[in-house]
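So the sequences go chain by chain: A and B. Following the working numbering, the numbering of the first sequence begins with 1 at its first residue and continues without gaps. Following the working numbering, the numbering of the second sequence begins with 1 at its first residue and continues without gaps.
Derived by calculation from the structure, the hints in this document are not laboratory data. Mixed in with the good hints, there may be bad ones.
Pairwise CB distance ranges, derived in the manner of DEER restraints [said to hold, decoys possible]:
| # | chain 1 | residue 1 | chain 2 | residue 2 | range |
| --- | --- | --- | --- | --- | --- |
| 1 | B | Pro-192 | A | Ala-60 | 49 to 57 Å |
| 2 | B | Ser-121 | A | Gln-15 | 23 to 31 Å |
| 3 | B | Lys-223 | A | Ser-19 | 54 to 62 Å |
| 4 | B | Trp-248 | A | Gln-15 | 24 to 32 Å |
| 5 | A | Trp-52 | B | Gln-125 | 24 to 32 Å |
| 6 | A | Val-54 | B | Ser-121 | 37 to 45 Å |
Below, simulated EDC-like cross-link-like pairs (lysine to aspartate or glutamate); rule was C-alpha separation at most 16 Å, straight line [what the hints assert, rightly or not]:
| # | chain 1 | residue 1 | chain 2 | residue 2 |
| --- | --- | --- | --- | --- |
| 7 | A | Lys-36 | B | Asp-35 |
| 8 | A | Lys-46 | B | Glu-130 |
| 9 | A | Lys-46 | B | Asp-44 |
| 10 | A | Lys-36 | B | Asp-140 |
| 11 | A | Lys-36 | A | Glu-47 |
| 12 | A | Lys-36 | B | Glu-34 |
| 13 | A | Lys-36 | B | Glu-130 |
Sample of chain A residues at the chain B side, in silico, Cβ under 10 Å [unchecked claim]:
| # | residue |
| --- | --- |
| 14 | Trp-5 |
| 15 | Asp-30 |
| 16 | Asn-37 |
| 17 | Ala-38 |
| 18 | Val-41 |
Glycine included, C-beta positions come from ideal geometry on N, C-alpha and C.
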Amino acid sequence: MSSEWPLWEVFIRGQHGLSHRHVGSLHAADAEHAIKNARDVYTRRKEGVSIWVVEAAQIAASSPDDKDALYDPADDKVYRHPTFFDIPDDAGAM
Amino acid sequence: MDPLFEWLCRMGDSTLVLGQRLSEWCGHAPALEEDIALANTALDLIGQTQMWLGLACETEGQGRDADALAYRRDVWDFRNLLLVEQPNHDYAHTIVRQFLFDAWHFEALTALQSSSHSDISAIAQKSVKEVTYHLDRSSDIVIALGDGTEESHCRMQDALTHLWPYVGEMFTTDAVDEALNGVVPLPASLRPAFDARVTAVLSEATLQRPESDFSHQGGKTGKRHSEHLGHMLATMQFLPRAYPDATW
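Extracted from the complex, chain B is given alone in its bound form:
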């Protein structure tokens, strides 16, 4: 196992799976403006996926391309965070998931801009502009809905309680991270800035940050994805698997 390939798949699979999840809202969001905003975010993430998985393929040197990784691997080969494969459920879950991911993503990309690996640094520099906006937007909505009506507050608190156990995985450090020490930041080093931002936004949103630090594991190592990922891939991969030579 090449740690660089593994790490690039973690980045690219997380943006791919979240991009796919968000695109499930296309045509169904609660307002036209939200619909387009989510689709824009989804497209940003898919664009980042092309860069991360493209670089993973170059690193691997086996002649695969980003599409081969996205559409021709099965669940156990995916290395995305468990957080991003969780279903959309309602708008509260979608937005809380987005905010927690954005807050991590922003810190990760900010640190990656100064990576000693020039391609990683270039991808981070391009992506951080998009993610700055994603975070700005998801923070605003968390505050608006958390400190909104009684119903919106309850839904946001439920979503936060449900999704909080997926936060810890973003900051666990394993052999892959250690092998790349100096090239990419250790995940644990991103936690203080994440905590500061999340605490501030949740407090403005009048939401209670869950106390438990229990965290599900197994997404970014591929050892134990939740049952939701396979169903999502079945939809996402249907077309290229049924029509392998399709072009458009």
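Looking at chain A on its own, in the form it has when it is part of the complex:
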């Protein structure tokens, strides 16, 4: 077993009701330790009001090798963007 602390991904929510955003990663022994480390590493300049941490090993990620099959097919499907509707004047700004 490795004597290194496991890797955690850190998500911070800023002041203004925004979503939590990924800000980086760090090492910690457990979840509580990771929150404390995240507080010290990532919020020392008032960056946030809430912290989420997720053990990096628990994140399932798509493979970069699959990117042609996963993303290229969306290239020529402009009709999926809702830009073909006429917006009635009384709808105001959208």
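Given the structure of chain A, go ahead and fit chain B onto it with the hints provided.
Relative to chain A, chain B alone:
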């Protein structure tokens, strides 16, 4: 001797010396995360120093500022607790020293929030938030390392045995405290809450609380600092003494 000036120096010098000690770890801590956490704690303590020593200078009314007290006094004028001038040694000593100080500091600031002196109360209210976190963090690490591997447990027990004789000084009451009775809590009154917390954390950490109540004295009166303080000041004060007009 003005007891208020004396007492403010005790507070400000203790946070200053511990802040300086912790900053010695900067770039050397066992993990990046610990390095930043210790630097944050050091900066909190230096910030508190500016407030305590700043107020001491106002009280004194001789035109000195906090920098003059920090950088232009010699060992015998310092009024910090002996505990905080003890060297970092290893991480166990650093963390045990921090935990014992935090546990006292937290009780002291909690009581000082309701001081009849409005500036003291304001400084305590601002500082207690920082120190709540310091104590939370040092308690966690004491438990993790005390109840950790055989090696970490031995190092923590050694550090505790070595540093315990510096605990008593935090709770001794002398003429300075008595002169300020009603403005600041008597140190002895903080001991029961300190004991309850320390006993609980040490027991969870599987560490043995030393039985002896022998305690070194002489830090907060300035009568007998340990030999370590002078060496620390030599490093800390070098720059402003060699370049008195330096700014940045």
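Evaluation of the provided hints:
Take Pro-192(B) and Ala-60(A): their Cβ atoms lie about 52 Å apart, and the range 49 to 57 Å holds. Judged by the Cβ atoms, the range 23 to 31 Å given for Ser-121(B) and Gln-15(A) holds: they are separated by roughly 28 Å. Under the hint 54 to 62 Å, the C-beta atoms of Lys-223(B) and Ser-19(A), about 58 Å apart, fit the expected range. Between Trp-248(B) and Gln-15(A) the CB atoms are about 30 Å apart, so this pair conforms to the stated range of 24 to 32 Å.
Against the hinted window of 24 to 32 Å, the Cβ-Cβ separation of Trp-52(A) and Gln-125(B) comes to about 30 Å, which satisfies the hint. Separated by about 41 Å at the C-beta atoms, Val-54(A) and Ser-121(B) satisfy the suggested range of 37 to 45 Å. Taken as a hint, the Lys-36(A) and Asp-35(B) pair is honoured in the structure, with Cα atoms around 13 Å apart against an allowance of 16 Å. A threshold of 16 Å between alpha carbons decides the hint, and for Lys-46(A) with Glu-130(B) the separation of about 14 Å falls inside it, so the pair holds.
Straight-line distance between C-alpha atoms of Lys-46(A) and Asp-44(B) comes to about 14 Å, which keeps the hinted pair within the 16 Å bound. Taking the CA atoms of Lys-36(A) and Asp-140(B), the gap is near 10 Å; set against the 16 Å cutoff, the hint holds. With a C-alpha separation of about 15 Å, the suggested pair Lys-36(A) and Glu-47(A) falls inside the 16 Å cut-off, and the hint holds. Among the hinted pairs, Lys-36(A) with Glu-34(B) is consistent with the structure: their alpha-carbon atoms are about 10 Å apart, no more than 16 Å.
Simply put, Lys-36(A) and Glu-130(B) have alpha-carbon atoms about 13 Å apart, close enough for the 16 Å limit, and the pair holds. For the restraint placing Trp-5(A) at the interface with chain B, the shortest Cβ-Cβ distance is roughly 7 Å, inside the 10 Å limit, so the hint holds. With 10 Å as the threshold, the beta carbon of Asp-30(A) comes within range of chain B, its nearest partner Cβ sitting at about 9 Å, so the hint holds. With a cut of 10 Å, the hint placing Asn-37(A) at the interface with chain B holds, because the nearest CB-to-CB distance is about 4 Å.
Below 10 Å, beta-carbon pairs count as interface contacts, and Ala-38(A) has one with chain B at about 9 Å; its hint therefore holds. For Val-41(A), the shortest C-beta to C-beta distance to chain B is roughly 5 Å, which falls under 10 Å, so the interface hint holds.
Going through the hint list in order, the structure satisfies each hint without exception.
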